[in-house]
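S.K.: Now for the letters of each chain:
There are 2 protein chains.
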Amino acid sequence: MSFSSFNPPVRTLMGPGPSDVHPRVLAAMSRPTIGHLDPTFVGMMDEIKAMLQYAFQTQNALTLPISAPGSAGMETCFVNLVEPGDKVVVCVNGVFGLRMKENVLRCGGTAIVVEDKWGEPVDPAKLEATLANHPDAKIVAFVQAETSTGAQSDARALAEVARRFNCLTIVDAVTSLGGSPLRVDEWGLDAVYSGSQKCLSCAPGLSPLTLSERAVQRIKERKSPVASWFLDLNLVMGYWGSGKRAYHHTAPINALYGLHEALVLLGEEELENSWARHHKHHLALRAGLEAMGLKFYVRDSARLPQLNAIMVPEGINEEELRRRLLEEYNLEIGAGLGALAGKIVRIGLMGYGSNVKNVLYCLAALEEVLAAMRMPVDKGAAERAAHQALA
Amino acid sequence: MSFSSFNPPVRTLMGPGPSDVHPRVLAAMSRPTIGHLDPTFVGMMDEIKAMLQYAFQTQNALTLPISAPGSAGMETCFVNLVEPGDKVVVCVNGVFGLRMKENVLRCGGTAIVVEDKWGEPVDPAKLEATLANHPDAKIVAFVQAETSTGAQSDARALAEVARRFNCLTIVDAVTSLGGSPLRVDEWGLDAVYSGSQKCLSCAPGLSPLTLSERAVQRIKERKSPVASWFLDLNLVMGYWGSGKRAYHHTAPINALYGLHEALVLLGEEELENSWARHHKHHLALRAGLEAMGLKFYVRDSARLPQLNAIMVPEGINEEELRRRLLEEYNLEIGAGLGALAGKIVRIGLMGYGSNVKNVLYCLAALEEVLAAMRMPVDKGAAERAAHQALA
Chain A
17 MSFSSFNPPV
27 RTLMGPGPSD
37 VHPRVLAAMS
47 RPTIGHLDPT
57 FVGMMDEIKA
67 MLQYAFQTQN
77 ALTLPISAPG
87 SAGMETCFVN
97 LVEPGDKVVV
107 CVNGVFGLRM
117 KENVLRCGGT
127 AIVVEDKWGE
137 PVDPAKLEAT
147 LANHPDAKIV
157 AFVQAETSTG
167 AQSDARALAE
177 VARRFNCLTI
187 VDAVTSLGGS
197 PLRVDEWGLD
207 AVYSGSQKCL
217 SCAPGLSPLT
227 LSERAVQRIK
237 ERKSPVASWF
247 LDLNLVMGYW
257 GSGKRAYHHT
267 APINALYGLH
277 EALVLLGEEE
287 LENSWARHHK
297 HHLALRAGLE
307 AMGLKFYVRD
317 SARLPQLNAI
327 MVPEGINEEE
337 LRRRLLEEYN
347 LEIGAGLGAL
357 AGKIVRIGLM
367 GYGSNVKNVL
377 YCLAALEEVL
387 AAMRMPVDKG
397 AAERAAHQAL
407 A
Chain B
17 MSFSSFNPPV
27 RTLMGPGPSD
37 VHPRVLAAMS
47 RPTIGHLDPT
57 FVGMMDEIKA
67 MLQYAFQTQN
77 ALTLPISAPG
87 SAGMETCFVN
97 LVEPGDKVVV
107 CVNGVFGLRM
117 KENVLRCGGT
127 AIVVEDKWGE
137 PVDPAKLEAT
147 LANHPDAKIV
157 AFVQAETSTG
167 AQSDARALAE
177 VARRFNCLTI
187 VDAVTSLGGS
197 PLRVDEWGLD
207 AVYSGSQKCL
217 SCAPGLSPLT
227 LSERAVQRIK
237 ERKSPVASWF
247 LDLNLVMGYW
257 GSGKRAYHHT
267 APINALYGLH
277 EALVLLGEEE
287 LENSWARHHK
297 HHLALRAGLE
307 AMGLKFYVRD
317 SARLPQLNAI
327 MVPEGINEEE
337 LRRRLLEEYN
347 LEIGAGLGAL
357 AGKIVRIGLM
367 GYGSNVKNVL
377 YCLAALEEVL
387 AAMRMPVDKG
397 AAERAAHQAL
407 A
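Respectively, the protein sequence lines represent chains A and B.
To get our numbering, take the position in the first sequence, counting from 1, and add 16.
To get our numbering, take the position in the second sequence, counting from 1, and add 16.
Same chains, same names: a pair is fine if it fits in one copy or spans any two.
No more than 25 Å apart at the CA atoms, straight line, and that leaves these computed lysine-lysine pairs for DSS-like:
id, residue 1, residue 2
1, K260, K359
2, K117, K239
3, K117, K359
4, K239, K103
5, K373, K395
6, K103, K133
7, K236, K117
Source of the hints: derived by calculation from the structure; they are not laboratory data.
Nothing here was measured: the structure is a model prediction, and the numbers come from that model.
Between the sequences and the hints, there should be enough to build the whole structure, so can you do that?
M.R.: Set out below in structure tokens:
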């Protein structure tokens, strides 16, 4: 047994997440650990809840981070809200919609799929037609920001349709929270989960979550116990709720220090400014990529500013492209997932990583590597275009 | 929205966990985040698996940390190994045995309880009698180190009985791993889970886990899908396994840096030396506590060295005792849980926190606070007794 301490290389993280973590968040995670029932810690938990309410734009009392990554946040929503036999309409336009469907099945529910082409937003009209055919559906689930394609759907419109058919909504906001508009209360969303490692500039491992009063009521009225003890919100709320804190599980203290700091940073910048910053650097990156002749996979009107899916150019081996960016430039961009593997690469500009330095560095590195891979590139044109877009 | 950065007080953590985190582990968690599919990170994952095999004393290929706290490790074992209708014998001698029973029920299994008094170890003879009455039982679940009482059970003997009745074993080693003897292969244990925040000197949030070939085979032969997508080991192994890594969930990168460093520290000290250190400081603390007239809840032969359950002295309000230790000495000790609330306090000497400084500081602080609470205390006697035990 003789391994040495691990000293990671310093990468620039421009994939689909984790994204670059803010140095203040990294520093926060190394502060001295205290107990999960320490009154000082409980005070910090209350601040996290209040700051998450701000980030989600909600007054929901049940707003907290699940002590595990985003996939566990997804599972928390389904395992608490879906009972065996329940019919759930799942909108699928990418990998994470498929994962939602899988969650419905694992809960013993029936999944009715509304399918849209990968890269397209979910079509509210199709959802409406499906709900008209399934008046006994209880829940509508959709992904606001499809991390696998970079397409964003109109969460407000989809929730409006769902409400007309008396359905609760489960919404994946893993890639949107903090990076592009999300207004839980104004849009009437019921159960929304996210991840710490995207637009919040935080390390991976936690899943912010918020549930409306309606959703909480549904959980209280369940006939069967929640299949998961660890994710049972009745129990989780005993620890995160407002009364005396009952031990449920041992919270990931230092990870929560990091999330707290990330949310303090968001408060300092202010939410709308963060959305605007993500949009601005997206436009700069886009101008640069287009100057290089690269094409977006998603049409303009449906693009997520924080996640840019780019078609792999003819004749370019995308695995080599990503490997060279990583090895020669310490720059990580993402591969395509599922049906899009090999066809697209995903360039994230998320959280702290959505900045001019990353835009210009990524464009310069892409120019060099693509040129080395024998794609005709007018070096410097991309950076000039990006500068122009920023001006 | 105006909250400030959180700067925790510097506590001495001598409760039932989290325990004091080693400074090298704290430092590791603030290293730059890299991607969860980065080849460098994948290399680090392999080292973690190898070091966990060492810590568990096993060759099991399926040995990895679950990306969530110990309760999720427990749930991983049950949700993967128990199918609806399965009969599981659960040994209950404290809070965590009860939680195991709850897990069986949530999985749709039938729980047959073998009950022992809280504070006593699980009785192998009772287990044997129960199994003789339930020849169709498929699994035996027990807690090796009951964190709620400080009692340890004979995992080897219990596993031997279980094997004679063709049962797999699920073993809670949350508080034992790294702190007191645990030999997974030699004792023939099948599914063993632990936590990062006890005797490994690491922050909370991860759950090391190991499964025998028999247990893996059982999962492969399941008739129904695993009810949890997030904890489905078939999928988790696609990411942590030895072949090409398939994305399952985003790993908690920085938390894993911390676990890696904690395991490097364990390798440097060597496992047997760590066990011996925990034992040595337990004896010192015990000598001091007894010199102070305090009494252990668990009989000598069944005590966990890393977790000392002490009877609250007549006339002492334990809530005030703990509050004063925390406020006046920044020293955290644990309350009693469940049926033992108000009756015992729990003093942990775990991981990095199992050292002479903590022993002496705890004894001195207890003397002062108990004296201030009007218990007759011969000040200094406890420290002298501890020194003597250490000599």
